[in-house]
Amino acid sequence: MSDTAIPYMVKPHPVTGLPNGKLGIWLFLASEVMLFGALFSSYVLLRTGAAHWPPIEPGEAAQLSSQILNVPLATLNTAVLITSSITMVMAWASLKLNSLPRFKLYLGATIVLALVFLVVKYFEYSHKFEQGHYPSHNNFYAIYFTLTGLHGLHIVGGILVNFYLLTFGSKLWKTDPEQFTNRIENAGLYWHFVDLVWIFLFPALYLL
Amino acid sequence: MDAVSPEEIRKHVRSYVVVFVTLLCLTLITVGVSYLHLARPAAIALALVIATAKAGLVAAFFMHLISEKRVIYGVLALTFAFFLLVLFLPSLTLFSNSGSLVG
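Same order as they appear, the protein sequences are chains A and B. Quick note: the first sequence uses the working numbering, first residue -15, plus one each step. Quick note: the second sequence uses the working numbering, first residue 8, plus one each step.
Hints were generated in silico from the structure; no laboratory data involved. Owing to the predicted nature of the structure, the values given are computational and were not obtained by experimental measurement. Just to be clear, a hint being listed does not mean it is correct.
Unchecked claim - Straight-line Cα separation of at most 27 Å, DSS-like style, residue types lysine-lysine; simulated pairs:
id, chain 1, residue 1, chain 2, residue 2
1, A, Lys88, A, Lys155
2, B, Lys18, A, Lys88
3, B, Lys18, B, Lys76
4, B, Lys18, A, Lys(-5)
To be verified - Simulated coverage check for chain A against chain B, where a stretch passes if three residues somewhere in it have a Cβ under 8 Å from a Cβ of chain B:
id, segment
5, 19 to 28
6, 60 to 69
7, 165 to 177
8, 184 to 192
The beta carbon of each residue, even a glycine, is placed where N, CA and C say it ideally should be.
All chains, full assembly: derive it from the sequences and hints.
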């Protein structure tokens, strides 16, 4: 088998001016925009097509989303995700400043914050399930669980990738620090995108 | 982002902290505004403006879009056009042939 290296892993491609990995992650994020865009479109369609939003329960008065969902917990989760975004970008900056221990500290903090987000979400979901509010309950809960569930899966994916980069993947720092730094930047782009999606989900689902 | 000096990275770090604090403040403003119980169109418009500002800050600074290559801007412009299409095209089904809103 040939041991030819994959070209433009570190150096920019002469046509795009970017390493191939970075263009790849941006193209992946473009597809993610369309995935969440389709679900946001469903949300707009369900909402504009409903006589009341959230739908009124039989025998109950009309309620706002902020009365149905837990706004303080979601605000906490927003702050948690924003904090995880700065720790992620600080992990990348630490590598640029040649400090692996600081990188590990910041990336470890990013993972912990992501886990905190999931734990808070677990409490939110279990409270809804205890009340008998499942996705099948009505269109509001259907789109709420679909959007937040898919977003939660993206958080899980980010945790797995970041955990790999923190542990086994960090061996690359010794042999090719520039490529490893690029990998962290790409993982960061994904993580910031997950934060960006939540920035729109939070007001759309909880506050409006 | 291209190769940059440690001093430039430290400047970036300062801007990340400013963006972080701004994002937290905008989050509190979003929540605060929701308790004012504005008319729904005004509330939606304001929440969207704040969310877009927050997303812009994350994209510009944390994702380094403020100093990115043209090919990325091209990819994102195309994506944004299709995003708007997928977001609003299905809503046209809410209108009947006469142009009035169907429930």
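| Within the assertion that chain B covers the segment 60 to 69 of chain A, do at least three residues meet a Cβ-to-Cβ distance smaller than 8 Å? | Since 5 is at least three, the answer is holds.
| message | Hint check: B/Lys18 vs A/Lys88, CA-CA at most 27 Å. Holds or violated? | response | holds, 21 Å
| task | Take the C-alpha atoms of A/Lys88 and A/Lys155, compute the straight-line distance between them, and say whether it is at most 27 Å. | result | holds, 12 Å
| request: Closer than 8 Å, Cβ to Cβ, for at least three residues: run that test on the segment 19 to 28 of chain A against chain B and report holds or violated. | output: That given contact holds, which follows from 6 residues of the segment 19 to 28 of chain A lying within Cβ reach (below 8 Å) of chain B.
| query | Count the residues of the segment 184 to 192 of chain A with a beta-carbon closer than 8 Å to any beta-carbon of chain B: does the count reach three? | reply | Held - the segment 184 to 192 of chain A has 6 residues with a Cβ nearer than 8 Å to chain B, which meets the minimum of three.
| 27 Å limit on alpha-carbon distance, applied to hinted pair B/Lys18 and A/Lys(-5) | Holds - the C-alpha atoms of A/Lys(-5) and B/Lys18 are around 24 Å apart, at most 27 Å.
| Proposed proximity, B/Lys76 with B/Lys18 (alpha carbon, max 27 Å) | holds, 20 Å
| said: Taking 8 Å as the Cβ threshold, is the statement that the segment 165 to 177 of chain A is covered by chain B upheld or broken by the three-residue rule? | reply: holds (count 5)
Going through the hint list in order, the structure satisfies each hint without exception.
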